[in-house]
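Listed below are the residues making up each chain.
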Amino acid sequence: MARKNSNREKNTAPFPAFENQARAPTTQPLTPFKRLLKRLSEAYGPSGSEEGVRELVRDEIKQLADQVRVDAFGNLIAQRRGSGSRRKKIMLSAHLDEIGVMVSFIDTRGYARFGTLGAVKPLTLLGARVQFENGAVGIIGRQAQGAARTEIDMEALFIDVSGAPTAIQVGDSACFAREFLEAGDFLIGKALGARAGCAILIETMRRLKKSPHDIFCVFTVQQQVGARGAGAAAFAIQPDVAFVLDAASASDMPGAPAQGIALGKGPAIKFQDEGALTSARAREMLLEAARQTRVPYQLDVTPRAMGDTLPIQAAREGVPTAALALPMRYLNTASEMAHSRDAQDAIELCVMLLQRPV
Amino acid sequence: MFLEKLSNARGIPGDEAQVRALIAEQLKKTVDEYRVDALGNLIALKRATRRNSSRRKILLAAHMDEVGLLVTHIDRDGFVQFDKVGGIDDRVLPSKAVLIGAARVPGVIGFKPQHRSLEAERKKVVAHADLRIDIGAASREDARRVVGPGDSITFDTRFSTFGENCVRGKALDDRAGCALLVEVLRDAYPFDLYAAFTTQEEIGLRGARVAGYSVAPDIALVLEATICDDSPREEEQSPTTRLGAGPALTLADRGLLAHKTLTRFLHETAVAQKIPVQFKQPLVGGTDAGQLHRTRAGVPSAVISLPARYIHSPAAIISLDDFNNALKLLRAALPGLGDLT
Amino acid sequence: MSGLSELLTKFSQTHGTSGYEDNVRALVVREFKKLVDEIEITPLGSVIGIRRARPSPKSSRRAETSRLLVEAHMDEIGLLVTGIEDGFVRFDEIGHFDPRVLPSQNVLVHGRKTLPGVIGSRPPHVLSAADRKKSLALRELFIDVGMSDARVRELVRVGDFITIDRNVIALQNDFVAGKAFDDRSSLVALLEFLRLVQRVNHAWDVYAVANVNEEDSATYVGALTSTFRIRPHMAICLDVTHAQQPGLHDDAAPTTGAGPCIARGANVHPRVFEKLRAAAARATLPHQITVYGGDTETNAWLMQVAGEGVPTGLVEIPLRYMHTSVETIHLADVTHTAELLGALLQTLTADDAKDLQGERFVRAESKRARAKPKRVVRTPARGKKLKRK
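These protein sequence lines are chains A, B and C, in that order.
By the working numbering, the letter at position 297 of the first sequence is numbered 297, and the numbering carries on one by one without gaps.
In the working numbering, each number is its position in the second sequence, counted from 1, plus 358.
In the working numbering, each number is its position in the third sequence, counted from 1, plus 699.
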């Protein structure tokens, strides 16, 4: 929220403070898809402040759709008309927003207290750098809680913006400041769970030459704070079937249960999402597309996480909705990690999904 | 003062009829139409004044319900068991006076004497399920003559003026908002103004959900009474809002990321008109806007609140200066909403 | 009661958890076909059976026939396969079980074939005294289907559903026990109600709905969307409620066998409550009253706020041992629920829908203004949608 903000200049460069330090470990130039992913991952866009990342996406898709609009909620909706005689309305959605923090109080010394936007955990915040929309960077500090304390209360944390004390106000939001990295086959970055879904959706639109169906690609807002935007889009579109592109927590790491999904074994077809069981009919369409493309896939029954499935399913008379997820390690930290082949497989699967008659 | 009548009226979630009747009587003089829907919402329409006015539908909402209690069962001995309706802190319940049902049967919430309480007990909060209301009945049969399961219970608090230009009363959350909205409806505006006096806000924003759906507004503005935590403390902390510092605007709460253009416009209007205004601490509390902004394909929404100390207790305190400033702000800002871009 | 008991047995012993209602849906459609004029399936899979009004010849005609929605949910709680380890099946839950009722429970794993299984746990002999006192968590349990790892992997896949394997047990005095009486006993009451009204006149259309997805996550998405579709003038939710039972120290709880419970509270429209109570009194049916401060934890919670809002009522069958495999009810409560609905439908006249609508007020000048033919004034540019900036 900008108020009396004439002194605040909007800086669109992603990392003013760290620009010169950011260096990818590989010297290979990134592929176009990874370049897109890098830009999306590094873009600023906590829930409620998705304008910047939305513009990035809009630039990518405006040539790929018959119509592009932003609704009252802030969702970006791209529509492509189909050619089939028995065409269906298919909605694909990915969410633009990432988790973040919002300044709730600034004390007399300039330290900022904050509330959280989405599933931010105190452990992952300690020592983190966070960036504001205007480019200001803060460090998350922790007040003394007594020597014996091992767990961290969110209330004990604050943002130190000593570097630019006048740059922030109550109500300003910040997200992690972290550069995107390619490490072998792995992709690492903040907000990767959210933005990989967007990148997969953009790339699907690019590769999809022809479809019998009317296709609505929706880039939703305010997902992390309770999946608020997706329902509004589904209400307006009234799709026959919908698919949510998202991330799923992988468990191929120490201390995680033996079952569960792994990186590099293909995208995951989800059985459940926060408050919702995905619809069998829509799930079957994903499975059929996977079988036809012969891409590997995994079945994901891991515990539920916030997702856009429920509000879409609950729109009007009900919309059969399934979810396709990119397996992801360290979700909701500054270093979310995915496998690049899984992303490619997901794109191939989505293209097939949209080409097939229903 | 109309607020006094509203504050003293009975209206827990699901039983807002008395409050609704009071408001409806006022509206007959000021609005073009109103109706009551399946949830008990009172939805009024005040048509645009002049030709060539905005085609926008603007919805103002305030909730009629208050937090309260509900009779669930009568003991064999004639004591009344109750449930809470809406978020009440169990700690404020002991030794309070209440009124039960339409007949306003007086009762008191009893408490075990401290002389008979063990040291360990005294540190514990007594859950509402272990408290009983004493109406002086001799037996269950005797009690059933005047009260029964399903009767609503409200705190027995008389509205009064208080301190320097403040008022004290129960249910100021959100009868203060209702009173503001009734005032706003006296004026005319260059757009169709819908007013929703909503029900069941305290148990999940339920009235607003259907009111928003049926009105299908282009902009929604919620008038509320909100948390005010400005008592002295050791550590430097947000007071959430400050009493007497003007109406509070919401940037974000637990159910809403407020519409930026709309909220900025309200703030700029206040500053331009030299009306005191404050921002409420972000991400605390929630209002009907949490549902309204998610209505249909989405509705740009904002919230204007009055700071209210001791909210959700038998008696809250609000400042009449804040009330009057909120009214001034609404009168100054509303005409501009028809063509705000 | 033997017909009723048979029907209840058939419904209880049909298997279908939230999200996996296919078997139950097929059964509902078969039963509805005998009793309704039209059947519709919603996009999410709820079944709507429509019995059109049969107005008595004397009654006045109306442009729109009022719609009474009566619903029960057809899903049951169950389990979901999460993995296979050395031929044992690991699982998560759909809806909520108390994990303490699961050990040694017979189940059916619905894979490529339906496999009988038993929920196993480690024998107490090998456990420490301290461990024996602890209840088992869901992730410590597994299902044994008595097959090799390879055979299990052939037949069972992650995402398959699992239900309790339990035949209905007839107890003394018309009490019966079984699984999924929550909410198949209501579904049977709904069918019984449809059977009762076959030969009578009624002024309202009846929309009988078997909803999907009640048990999962308390989002009531099946009931919300089917109610939105029907836009009823009155809706009645049928569900079960906790009755008095050993160990439950709640004086306010209803008693099994003492009649259906008519709920009141914010979730229930006051006039729907009154109509139900009056119908019960007129037909001299046993009934009880339950009181809810807020959430009734039933489909009614979202049915009431579907679309523009729906006058909603809630009728509950008292039940002991909820969400176990031995849910216990009294058959008379099912019959009386059906009779209560029949009595309600009989009382509904064409004007009753209007009675459920609240007060309306239109200013006199305003009426005149609206009577005049409206001149359409195109307003340029002003009043466009306010975009999110």
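Bear in mind the hints are in silico, worked out from the structure with no lab data behind them.
Among the hints, a few may not be true.
Here are the simulated DSS-like pairs of lysine-lysine, each with C-alpha atoms no more than 27 Å apart in a straight line [unchecked claim]:
| # | chain 1 | residue 1 | chain 2 | residue 2 |
| --- | --- | --- | --- | --- |
| 1 | C | K757 | B | K386 |
| 2 | B | K618 | A | K62 |
| 3 | C | K757 | C | K1053 |
| 4 | B | K632 | B | K618 |
| 5 | A | K88 | A | K265 |
| 6 | B | K386 | B | K686 |
| 7 | A | K210 | A | K89 |
| 8 | B | K387 | C | K1053 |
| 9 | C | K709 | C | K733 |
Do the hints match the structure? See the list:
1. K757(C) / K386(B): Violated, because 39 Å separates the two Cα atoms, which is more than 27 Å.
2. K618(B) / K62(A): 25 Å, holds
3. K757(C) / K1053(C): The given pair, whose Cα atoms are some 20 Å apart, holds under the 27 Å limit.
4. K632(B) / K618(B): 21 Å, holds
5. K88(A) / K265(A): 30 Å, violated
6. K386(B) / K686(B): 23 Å, holds
7. K210(A) / K89(A): It holds: about 14 Å lies between the C-alpha atoms, which stays within 27 Å.
8. K387(B) / K1053(C): At roughly 25 Å apart (the allowed maximum being 27 Å), K1053(C) and K387(B) satisfy the hint.
9. K709(C) / K733(C): The hint holds at about 16 Å.
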